[in-house]
Amino acid sequence: MTFRHAHLTDARAYLDELALMGKEMATVNPDQKIETARSKIMGAVIQDILPWIEANLSDESIRVRNVTERSGYGHWHFQRVFRKQTGINLATYIRIRRIVRAAFSVAFTEKEIIDIAIENGFSSQQNFSRTFKGYFKVAPTIFRKTCSGREGMFSALTKDIRNEYAWIFFERVNHLN
1 MTFRHAHLTD ARAYLDELAL MGKEMATVNP DQKIETARSK IMGAVIQDIL PWIEANLSDE
61 SIRVRNVTER SGYGHWHFQR VFRKQTGINL ATYIRIRRIV RAAFSVAFTE KEIIDIAIEN
121 GFSSQQNFSR TFKGYFKVAP TIFRKTCSGR EGMFSALTKD IRNEYAWIFF ERVNHLN
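Note that UniProt numbering has the sequence shown beginning at 1, numbered continuously upward.
Calculated from the structure, these hints are not laboratory results. Just so it is clear, CB atoms sit at the ideal spot from N, CA and C, and this is done for glycine as well. One or more hints might be untrue.
[Stated by the list, open to error] List time: in silico DSBU-like cross-link candidates among lysine-lysine, alpha-carbon distance up to 30 Å: (1) Lys111 with Lys40; (2) Lys40 with Lys84; (3) Lys159 with Lys133; (4) Lys133 with Lys145; (5) Lys159 with Lys137; (6) Lys133 with Lys84; (7) Lys133 with Lys111; (8) Lys145 with Lys84.
[To be verified] Label pairs and their in silico Cβ distance ranges: (9) Gly152 with Asp115: 34 to 42 Å; (10) Ile41 with Ser155: 32 to 40 Å; (11) Ala44 with His75: 34 to 42 Å; (12) His77 with Glu112: 22 to 30 Å.
Construct the complete structure from the given sequences, taking the supplied hints into account.
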């Protein structure tokens with residue numbers, strides 16, 4: 001095969017590939033193309049905003065409105081897209097991240113419960129304890145005594161929330177470092 005022939009073969013293969021891609025693109029509805037592009041953009045926006053949420057979880061004033069303003073999108077639009085992309089609403093995401101971070105601290109640190117509550121954006125120990133008990137079925141003090149720093153007990157006590165919200169349940173190491 002000559003040099004010129006090899007390049008022609010490569011060029012033909014490339015053109016065949018382009019033709020095939022063109023046929024595939026022609027079968028996709030133009031609205032679908034736009035929706036796919038929008039979905040990718042919003043997915044990127046959400047991935048970009050999640051670290052900001054994480055960094056601000058200790059701020060009790062962080063609300064859905066703060067997050068939607070930060071995103072640059074309309075309040076209701078961003079919430080709809082967040083739910084579509086993640087499967088849960090934004091307020092639930094914030095609450096779950098706070099309570100999961102707090103559970104790690106309760107189980108694996110010696111910090112006072114009130115300090116853990118404040119570090120995780122709860123306005124009071126009472127509010128924190130009520131929310132904690134709602135998710136883990138025991139008060140934070142009982143949770144701490146039961147876990148006593150043992151990962152096996154922690155896993156058992158957090159099984160339900162981990163199963164329901166597996167994608168936002170981070171490793172203990174990520175929280176404590």
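Hints versus structure:
Taking the CA atoms of Lys111 and Lys40, the gap is about 41 Å. The hint is violated against a cut of 30 Å. Distance hint between Lys40 and Lys84 is fulfilled; the C-alpha atoms sit about 12 Å from each other, no more than 30 Å. At roughly 14 Å between alpha-carbon atoms, Lys159 and Lys133 fall within 30 Å of each other, so this suggested pair holds. Restraint check for Lys133 and Lys145: satisfied, since their Cα atoms lie roughly 14 Å apart, inside the 30 Å limit.
Distance check on the hinted pair: Lys159 and Lys137 sit about 12 Å apart at the alpha-carbon level, within 30 Å; holds. Distance check on the hinted pair: Lys133 and Lys84 sit about 28 Å apart at the alpha-carbon level, within 30 Å; holds. With a C-alpha separation of about 18 Å, the suggested pair Lys133 and Lys111 falls inside the 30 Å cut-off, and the hint holds. This hinted pair does not check out: Lys145 and Lys84 have alpha carbons roughly 39 Å apart, beyond 30 Å.
Between Gly152 and Asp115, the C-beta spacing of about 26 Å breaks the proposed range 34 to 42 Å. Look at Ile41 against Ser155: about 37 Å separates their beta carbons, and that is inside 32 to 40 Å. One distance hint, 34 to 42 Å for the beta-carbon pair Ala44 and His75, is violated here, with the actual separation near 20 Å. In this structure the hint that His77 and Glu112 lie 22 to 30 Å apart at CB is violated, the actual value being about 41 Å.
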